[in-house]
Structures are given as structure tokens and as C-alpha cells.
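> Can you make the complete structure from the sequences, with help from the hints?
Number of protein chains: 2
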Amino acid sequence: MSPPEKKARNAGYTLYYWPGIPGRGEYIRLAFEYAGIPYTENLNPETLESTIHDASKVGHPPHFAPPMLELPSGHTISQTPAILNHIAPKLGLAGALGSKLATGEGLTEEEREKAEEERSAVNQLVLTALDVNNEAHDVHHPIASSKYYEEQKEAALERAADFRASRIPKFLAHFENVLTTNPATADGERTYLIGKQTTTADLVLFHVMDGLLFAFPKRMAAVNKSKEYDHVFKLHKRVARENGIKEYIASGRRQKFSMGLFRHYKELDGDE
Amino acid sequence: MSPPEKKARNAGYTLYYWPGIPGRGEYIRLAFEYAGIPYTENLNPETLESTIHDASKVGHPPHFAPPMLELPSGHTISQTPAILNHIAPKLGLAGALGSKLATGEGLTEEEREKAEEERSAVNQLVLTALDVNNEAHDVHHPIASSKYYEEQKEAALERAADFRASRIPKFLAHFENVLTTNPATADGERTYLIGKQTTTADLVLFHVMDGLLFAFPKRMAAVNKSKEYDHVFKLHKRVARENGIKEYIASGRRQKFSMGLFRHYKELDGDE
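Line by line, the protein sequences give chains L and U.
Take 1 as the starting number for the first sequence in the UniProt record's numbering and just add one per residue.
Take 1 as the starting number for the second sequence in the UniProt record's numbering and just add one per residue.
Since the hints were derived computationally from the structure, they do not count as laboratory data.
Where is the CB? At the ideal position from N, CA and C, for every residue including glycine.
Don't take every hint at face value.
Claimed, not checked - Derived DEER-like restraints, expressed as beta-carbon distance ranges: (1) I37(L) / E110(U): 31 to 41 Å; (2) E105(L) / R253(U): 21 to 31 Å; (3) P45(L) / S145(U): 44 to 54 Å; (4) G106(U) / K170(L): 40 to 50 Å; (5) S258(U) / K170(L): 44 to 54 Å.
What the hints assert, rightly or not - Some chain U residues near chain L, calculated using beta-carbon distances under 10 Å: (6) E46; (7) A55; (8) F64; (9) T80; (10) I83; (11) E110; (12) T128; (13) P142; (14) E158; (15) F175; (16) I194; (17) K196; (18) Q197; (19) A201.
Have a look at this one:
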């Protein structure tokens, strides 16, 4: 007979999230799809919140909001960047060195330190890309996420103008800077944020670019035309062709943007 | 003669941030003050942004915004939660198990996995507490951080009403839930979020409570009176008395809230 803690373990990873939208769950899905690691989903909107808030169901600490990921050990984690930072080494997505922390075996103290630094660099870039995601949401909900867009449209129009004119170029310039100063890609295409292999940072930026292109097609066409952020656009194309990701896109399983975090309202978009 | 990479190393940690406000830098300071680890600060507003954006000065990847922390190795990290997650084990602030990842020596594979889980649980709670920080900022700047408060006061009044009525209780209820379901403190005071020792999550929540009490004194007095979030208020008092923190507060070195992330505008506060 197995000891009790063995019985509580499931076979793999389970993602708990809202159904019907890519949302923040998509950042987790992309990591598993790229890595080719199976995961299941629990998308029951009627039990989602009551489950994740309940320590008797999900263990300690309970969670504030989805996505929540149940690990093979039974432990649960929420907060998109915390989930990604946890699984990145295990999925080989924390950089060449950072991913060695998956087992941590055979590393000298200095190698471990460098591996932790690479993993943190990936985490740092994930967090900045997710800031874009959060700001893109706040464009259509600047007052309260609990109220309808129509109730805050005036403020949304103002915030959208600032997001398009100031924030989009500022964020894209940062990622262009990171891509074009990466010493590991000095001789190549410069479409990797860290090292010369795909990390969670590349995957998150890929999805953020997808979201911006959906929500602000006019503005994104204008910034693309400027040629100032060419490497960011090239990263977006490169990730779409990666093994795992191209099959995921072709499968039809990837949910379309609609009324989630990234939304297209014609009046919030513009060339400038 | 030392090898070149040795020469680039400094003696310890240096925090790069804006002068004059606690800001996001304060979350990093509190970790060092609690742990009793020395750190220096570079608070030159004229060179701050040009330095952190420049990979030739800070290494790769360059940074989007301060705070930036230079590690003893010379490597630099930005994004408050990434910095805290990186240093937490080294400062003994990632929980009893999580902090063993500082060296990672002598851990079995199962212990390492549990340690990673505890570190991620701390990271998760840090991220949610920092979400409160970010939302408290957006209350007075709902349209654009680059514009004056007075230019977005109308929207701020609306956002403040929602933040006070919905968001403050929702966040406090979450942390109360985490504190009162912590199995490690079942017999005690229940003022630790994870395990029964101070973590970065406790320190961040402490400072967020300080900020809320400064910015929304009326609303916080009302929620305190309700007795629904007693353990969160007790955590706030407990951390203020901790070794390292109480000396820091008494030293006068801790900067006062003013016109930073947490701001007190009378018209944005209220009992409800």
C-alpha cells in the first residue's frame, strides 16, 4: 500500500482558470505547449473561486485569483509570474544555465549562483512583459475591473491615448534594447531575450505582442512601420514557428482573444 | 593579479532607486534591514535612468525601471518581486525550507522540491501584496503616470471609491485567510503568512499596510474597527517590533510617505 502522501499526488500538472478566454492562463499554457509537457485543465467557472480560496481544498497558502497551477506533488501555486518562475527550470525555459536548477545536481556553488542569476533575469523580463498585459487591461478598465467598460469609457479613451502614445513605444523600446544587446546572439538573428534559447520571457512577450496586435491593430501597424522595434516583431514571428507552439496554433485549441484582458474597441485604437 | 571578472565584483549589495520617497525601493530595504545585511544606495536621479537602461553599464539584460539591485557578483536585477525572490533565500526570508536554497547543499531531491515550493509560496504572496501597492498608486493616477494628479482627479475620485469599497476588503480578506489557515501557527498568534518565521511576504505586507494607513486613514480605521482583518493588523504591529525593523524605524533613516506610490489626498479617503 502506498503511504498517504503518495495517494494525494496526481500524475501531472493541472491548470485552474476561467473558460472561454486566453487570459493569464495562456502564459502557462504556452510554456507547457512549447516544452511538450502534458497538462490538464479545470475550467469550471462555478467552483473556480470557491476552490482556490479554500485552504482545505488547495492547501496552504490559499489563493487570491486564478490562474492556479496544481503541481505533480499536489502543491498549488497562483500568480502568473510565480507559476512561470517555478516551472521554468523544469520545462527547460529558464535559460541554458537557469534550467540546470531543475535538479540542481552537479553544480558548483559559482555555477549555482550564475544559474540563479539567469533564472532571475528571465523572471525580471517576464514581469515587465506581464506589466504590459496588465496595463493593456487597465486601458479598457481604468476605474474598476468590476464595472462595465461602458461605465468607464470616458476615462478609457484618455488612458488609451496615453497607452498608445507613451507606453507602447516605451515597452517596445525596452525589449528591443534587451534583444539587441544580448551578447549570446551577437552573430545571429537577435530574437532571444536571454541566451540563445527560448525562455518563458520569449513566450510571454510573444503572447503580449499577439494581444497588442489584436487590441491595437492601427497603432501596432504604425510602430511596425517605424522599424524601430524590428527585433521584437521578429521574436513574435520566430516564436510562432517554434516546435510545440506552431502545432498548438494549428490545432485550433488556442483560444481566440475576445472580451478578456486584451480587447479591441475601435475607439481605443489609433495611428498615434 | 586577480582575473578580470574578480575586479568587477564589489563588496556587497547596491540599491539603485529614486531619492526622497520610500517607493518600491523600500521593499528591498526592509529585507536587508530585517536580515541585518549591509547594503549601499545609489540615489542619483540624474544618472539613474541612463544607467539602468544601458547594458554597457549594468550588463545584460538592461532594465526598464528602478529599483535595480546590484549583487555582490556584479550582476544586476530589476523588478521588485524578482529582486525579492532572488535574495529571499540568501537573507533567510524564504521560509525555513525555502531559505535552504541559499546554498542548496545537502538537500535530497524531495527536500529541494519542497524548498522550491515554499520559496514560490512566498513569491506568490509577495506578488499579491505588491498588487495592492500598484493599485494604491493607480487610485491617484488612473489615466497616466506621466500626468499630474490634478489632470485626472475626476477619474481618481471614482477609482478611489471602488478601491476603498471593494479592493481593500478583498485584499485584506485574502491575507486574513492566509494567516488564519497557516498550519504552522495553529497554536500561536497567527501573524506569519508562511511557516512560523518572517519572510519577504510578511515584510511587503507590513509596508503595504503602512502605506494604506497613510493614504486611507479613515477607511483603514473603519476596516480595523470591523475586526474582520485582525490578524493582518496584528502582523503589521508584529513586524514593526522585529529586530532589525524596529531599529530601522527608530533610526530615522526610513523615509516618510509623501508624494510617491502611496499618497494621502483627503478627497480620496472616506469611511466606506
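> All hints are to be evaluated individually against the structure, with a verdict given for each.
Hints, verified against the model:
{"no.": "1", "hint": "I37(L) / E110(U): 31 to 41 Å", "verdict": "20 Å, violated"}
{"no.": "2", "hint": "E105(L) / R253(U): 21 to 31 Å", "verdict": "43 Å, violated"}
{"no.": "3", "hint": "P45(L) / S145(U): 44 to 54 Å", "verdict": "33 Å, violated"}
{"no.": "4", "hint": "G106(U) / K170(L): 40 to 50 Å", "verdict": "45 Å, holds"}
{"no.": "5", "hint": "S258(U) / K170(L): 44 to 54 Å", "verdict": "25 Å, violated"}
{"no.": "6", "hint": "E46", "verdict": "20 Å, violated"}
{"no.": "7", "hint": "A55", "verdict": "4 Å, holds"}
{"no.": "8", "hint": "F64", "verdict": "5 Å, holds"}
{"no.": "9", "hint": "T80", "verdict": "9 Å, holds"}
{"no.": "10", "hint": "I83", "verdict": "8 Å, holds"}
{"no.": "11", "hint": "E110", "verdict": "9 Å, holds"}
{"no.": "12", "hint": "T128", "verdict": "5 Å, holds"}
{"no.": "13", "hint": "P142", "verdict": "5 Å, holds"}
{"no.": "14", "hint": "E158", "verdict": "5 Å, holds"}
{"no.": "15", "hint": "F175", "verdict": "9 Å, holds"}
{"no.": "16", "hint": "I194", "verdict": "7 Å, holds"}
{"no.": "17", "hint": "K196", "verdict": "12 Å, violated"}
{"no.": "18", "hint": "Q197", "verdict": "15 Å, violated"}
{"no.": "19", "hint": "A201", "verdict": "9 Å, holds"}
Hint check: violations occur at hints 1, 2, 3, 5, 6, 17, 18; the rest are consistent with the structure.
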